Amino acid sequence: MAGLANVFGYGAMTNSQNDIRNSRSVMIIGMNPAENHPISMQHILTAKEVNRAVIISVDPRFTKTSAFANMYVRIRSGTDIPFIFGLINIILAKGWEDKKMINERTYGFEALKTEVAKYDPDTVADITGASKEELFRVAKALAENRPGTVIWAMGGTQHSNGTAVVRSYCALQLVLGNMGRPGGGCDVFRGHDGIQGVTDVGGGPEHLPGYYGIAESAWKHYSNVWDVPYEWLVSRFKSKEMMEKPGFTVARWYEGVLLDPKELGQDTNIKAVFFMGHSTNSMQQMDRVKKALEKVELIVDFDPFVTNTAVLPDRTDGIYIMPAATNYEQPGSATNTNRDLQWRQKVVDPIWEARTDLAIMIDLAERLGFKKQFIHNFKRDWRGVPASMKEVKALPDQTVEDVLREINSACLSIGYIGQTPERLKRQQQWAHVFDIKTKKAEGGPVDGEQWGLPWPCWHDKHPGTHILYRLDTPASRGGAGFRAVWGPKAPDGETMLASDGAAPVGGPNAGYPAQKEYATDLTQEPIKQALAEGRNPYGNGRARLNAWNIPDPVPTHREPIHSPRPDLIAKWPTYDDVKEHYRVPQPYKSMQKPDWVKKYPIILTTGRIVELEGGSAAERSSWWLVELNPEMYVEIHPKLANDHGIKHGDWVWIETPEDMDDKPSRIKVKAKVTRRVGPDTVFLPYHWGGVFEGKSLADKYPEGTAPYSVGESANTVTTYGYDRVTQMQETKTTLCRIKKA
Amino acid sequence: MTLRRVRESETLRSSPVETLNPLMDRRKFLKSAGVGLGVGAAGSLVPNPIFREASAAAVEAPKLAQYKTICTKCAVGCGLIGEVKDGVWVSQEPWFEHPINQGSLCAKGAAARSAVISDKRLRYPMKLSGGKWQRISWDQGMSEISAKLLELRKKYGPDALHINFSAHFSNEHGYGIRKWAGMWGTNNVDFQARI
Chain A
13 MAGLANVFGY GAMTNSQNDI RNSRSVMIIG MNPAENHPIS MQHILTAKEV
63 NRAVIISVDP RFTKTSAFAN MYVRIRSGTD IPFIFGLINI ILAKGWEDKK
113 MINERTYGFE ALKTEVAKYD PDTVADITGA SKEELFRVAK ALAENRPGTV
163 IWAMGGTQHS NGTAVVRSYC ALQLVLGNMG RPGGGCDVFR GHDGIQGVTD
213 VGGGPEHLPG YYGIAESAWK HYSNVWDVPY EWLVSRFKSK EMMEKPGFTV
263 ARWYEGVLLD PKELGQDTNI KAVFFMGHST NSMQQMDRVK KALEKVELIV
313 DFDPFVTNTA VLPDRTDGIY IMPAATNYEQ PGSATNTNRD LQWRQKVVDP
363 IWEARTDLAI MIDLAERLGF KKQFIHNFKR DWRGVPASMK EVKALPDQTV
413 EDVLREINSA CLSIGYIGQT PERLKRQQQW AHVFDIKTKK AEGGPVDGEQ
463 WGLPWPCWHD KHPGTHILYR LDTPASRGGA GFRAVWGPKA PDGETMLASD
513 GAAPVGGPNA GYPAQKEYAT DLTQEPIKQA LAEGRNPYGN GRARLNAWNI
563 PDPVPTHREP IHSPRPDLIA KWPTYDDVKE HYRVPQPYKS MQKPDWVKKY
613 PIILTTGRIV ELEGGSAAER SSWWLVELNP EMYVEIHPKL ANDHGIKHGD
663 WVWIETPEDM DDKPSRIKVK AKVTRRVGPD TVFLPYHWGG VFEGKSLADK
713 YPEGTAPYSV GESANTVTTY GYDRVTQMQE TKTTLCRIKK A
Chain B
8 MTLRRVRESE TLRSSPVETL NPLMDRRKFL KSAGVGLGVG AAGSLVPNPI
58 FREASAAAVE APKLAQYKTI CTKCAVGCGL IGEVKDGVWV SQEPWFEHPI
108 NQGSLCAKGA AARSAVISDK RLRYPMKLSG GKWQRISWDQ GMSEISAKLL
158 ELRKKYGPDA LHINFSAHFS NEHGYGIRKW AGMWGTNNVD FQARI
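So the sequences go chain by chain: A and B.
According to the working numbering, numbering within the first sequence proceeds without interruption in unit steps and concludes at 753.
According to the working numbering, numbering within the second sequence proceeds without interruption in unit steps and concludes at 202.
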């Protein structure tokens, strides 16, 4: 979410799936909702049918979504920025930009303009493979059909410059004036059911819940919320320095096991690793993951199913697999892709010996000696937690509700305040009164509320914010400018506050800074005061087309680490090597070798399919789903297949560059010969596991737990390459060679 | 779905259909159905005449508790209804009023129940010992895991642990695990969604 947050202030989808019904154009890039978010297509197709919206699909693959589109443009994987900037180039040349939006609500337009000038149609056609005519047609369609939305997913983000790609999408929407209005927006569709919420109020190696970061001030905020002395928290860490240093990520944690500690950003290797509902087959460079799993002293996998993690490493001891409950076996709230919080009732108790994750966490805290602090906050202890957790499978509803109440009182920065358990449960019972197009309730006890109380929801009477950054609505009803989070002035002295006349209605008609201490004052008085005066608590600032404090302040094209175009590597090289990023060294230029394409001439990209999801231990254990899509495959264009003597259904080897190891990685899969991919690209779905480099691991599962379908993992052959800002893995572009097995 | 269909036809038989549509008045409807008229026109509400006699003998419809939940398979957030009998999730129903999906589901959502009832579920804790999977109790597993963690903490410090948690977590679990890691004393906690 670093891409969106660095432009607008919040890292989240700005509009909603339902709101796409208001769009007149929908550009879907690096994404395949017909398979990955199938039900969202109802809204997209309604826009197409009712508004005659133009649906544009931009992707290296002709996907099932492309089949529904009015226009399809095939681009080479990893060339999103040239494509988008090519569009902006045409839009500016034709004078189709929204000058009011640019002048009043953005910063850095001149810098953007200078960069965009490099992307004339000829240059773009050469880099992306799209024709000049296609480029012009798309630009015209977007300009003539406003409001329009741009939707993307991992196809746009899983690149070594993924954050910059996201910012280029945002720039396009700002230039078109599509932000902060129904039918417009930057609508990233997120992958998993809990991903938005867990990003928001979970956090990660570099931030605490609510995007508070991990600086001293953030820990002090949480020492207040958790009602523990700040010094106690410091004492739990190795040092204050380590407390304020981002940890390892999912993308490269294994290097924390494998590399010499001298190369790491901490003085010890990782010795123990927990997996809690996370599968290793979604991790890039799986051969490295395997080695790490063989080297750590302790692996614990809490999961409803036996995952790839348990069977991948060749070892004889030190793995624990502990049955966790699914989300159907416990209550709780989940935030969907458009910031809607929805309450889940428990359908059944955890079956067999499964336990809920909360029960597991509290049990461990008890055994490790910090249960007292863990279940406590500044209001009270979580109710319903027994003195001993030894035999507890699940906590009662009220414990889960108390955790949500703690979130409500802690995550003030993003307005996770008004989504109380009571309100979420009431909405669940009144779902029928919400309008499909506006997501607004009409009548009943929830009258005027937005479905899911999308954040920011500033207090327990606030309706939630359906569409972010919208000026035609008062702050008390969800209106807001862009977040004033970068201070009052940019380094070049220009103002970061919105112009006079560009403010949410009903308050001061000008830009203004964030209310002081609105995010840290647990009494919530600053928030109330701002709203009483018609101001949005987070201020009214400008979106950044020039994000001065991150690499590539204005996005620029950089060839993927594994690029098939040596000539373009010379002109658009990747980043300089980075000594330390999330505690590991992160080379770029030294890993980008123009020669690779000679041995590995084919582009390899990965993605999802409709029947499976993620590492898919659960879906591959569902007979119904396995029946629909039983085995791993590679999509190959007929020409490529014929040139290699491969027929539909043949076994093929796919090999990718050796990167950090001494030998190429390889997998053996069946060929699906199809024109979905172009002749220069092959595609792998990434859901399978349980086979490694041609060898089945099925006999390594405990008896009766191997899924109905095992197969090679695409990530065995994905290669080195990580986003410069977030360390997101570059799974969408690498190089490979294929041969008949 | 099958169970629900039976129940619907039972309802139709045991209580009058209340309708604003005069053509669909219950008595008239039955009468006309009885003489073999209007069957096609009334569409899905019409009980299959072939089955009528048999089920009119009235098997008691099973009483199913209904619970509203949200699909766990992607971020769209579709609602669905789980139906439970004697503590067992026996069937799934569309949640038609849900403002995002209006009842519809994709293949994965339609198979939501299988995540719980699959034969392949891990039923009890196990550990790999001497190359063999061995069944253990929760208490044994958790005490061995925590003893090992404390030993590693003493030897290498809290940063010797890394946690890969899940984008499938509920908000409460996501919040909980970050709080847990903070109190354990490490920032090595991630679920990969920072972009």
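Please note that the accuracy of each hint is not assured.
As the list claims (entries may be wrong) - Ranges between beta-carbon positions, derived for each pair:
(1) ILE124/B / ASP484/A: 42 to 50 Å
(2) ASP711/A / ARG142/B: 53 to 61 Å
(3) GLN147/B / SER251/A: 32 to 40 Å
(4) GLN109/B / GLY381/A: 31 to 39 Å
(5) GLU670/A / GLN73/B: 54 to 62 Å
(6) ALA154/B / GLY396/A: 26 to 34 Å
(7) ALA154/B / TYR242/A: 27 to 35 Å
(8) TRP636/A / ALA154/B: 40 to 48 Å
(9) SER251/A / GLU104/B: 48 to 56 Å
Claimed, not checked - From chain A, some residues computed to sit far from chain B (all C-beta separations above 10 Å):
(10) LYS125
(11) GLN357
(12) ASP361
(13) MET508
Derived from the structure by calculation, the hints contain no laboratory data.
Just so it is clear, the structure is predicted and the values come from calculations on it, not from any experiment.
Ideal placement from N, C-alpha and C gives every residue a C-beta, glycine not left out.
Structure-based check of all given hints:
Distance hint for ILE124/B and ASP484/A: a CB-CB separation of about 49 Å, consistent with the stated range 42 to 50 Å. Taking 53 to 61 Å as the suggested C-beta distance range, the pair ASP711/A and ARG142/B does not conform, at roughly 18 Å. Taking the beta carbon of each, GLN147/B and SER251/A are about 34 Å apart, inside 32 to 40 Å as hinted. Here the CB-CB span from GLN109/B to GLY381/A is close to 49 Å, at odds with the stated 31 to 39 Å.
Take GLU670/A and GLN73/B: their Cβ atoms lie about 55 Å apart, and the range 54 to 62 Å holds. Range check, ALA154/B to GLY396/A: about 28 Å between beta-carbon atoms, so the 26 to 34 Å window is met. The hint said 27 to 35 Å for the Cβ distance between ALA154/B and TYR242/A, and at roughly 29 Å that hint holds. A beta carbon spacing of about 42 Å between TRP636/A and ALA154/B agrees with the range 40 to 48 Å that was offered as a hint.
Distance hint for SER251/A and GLU104/B: a CB-CB separation of about 54 Å, consistent with the stated range 48 to 56 Å. Even its closest Cβ contact with chain B, about 26 Å, leaves LYS125/A beyond 10 Å, as expected for a residue assigned away from the interface. With a minimum CB-CB distance of about 4 Å to chain B, GLN357/A fails to clear the 10 Å threshold, and the non-interface call is violated. The claim that ASP361/A is not at the interface with chain B is violated, since a C-beta of that chain comes within 10 Å of its own (minimum 7 Å).
Here MET508/A stays apart from chain B, with its beta-carbon at least about 24 Å from theirs, past the 10 Å limit.
Hint violations for this structure: numbers 2, 4, 11 and 12, all remaining hints satisfied.
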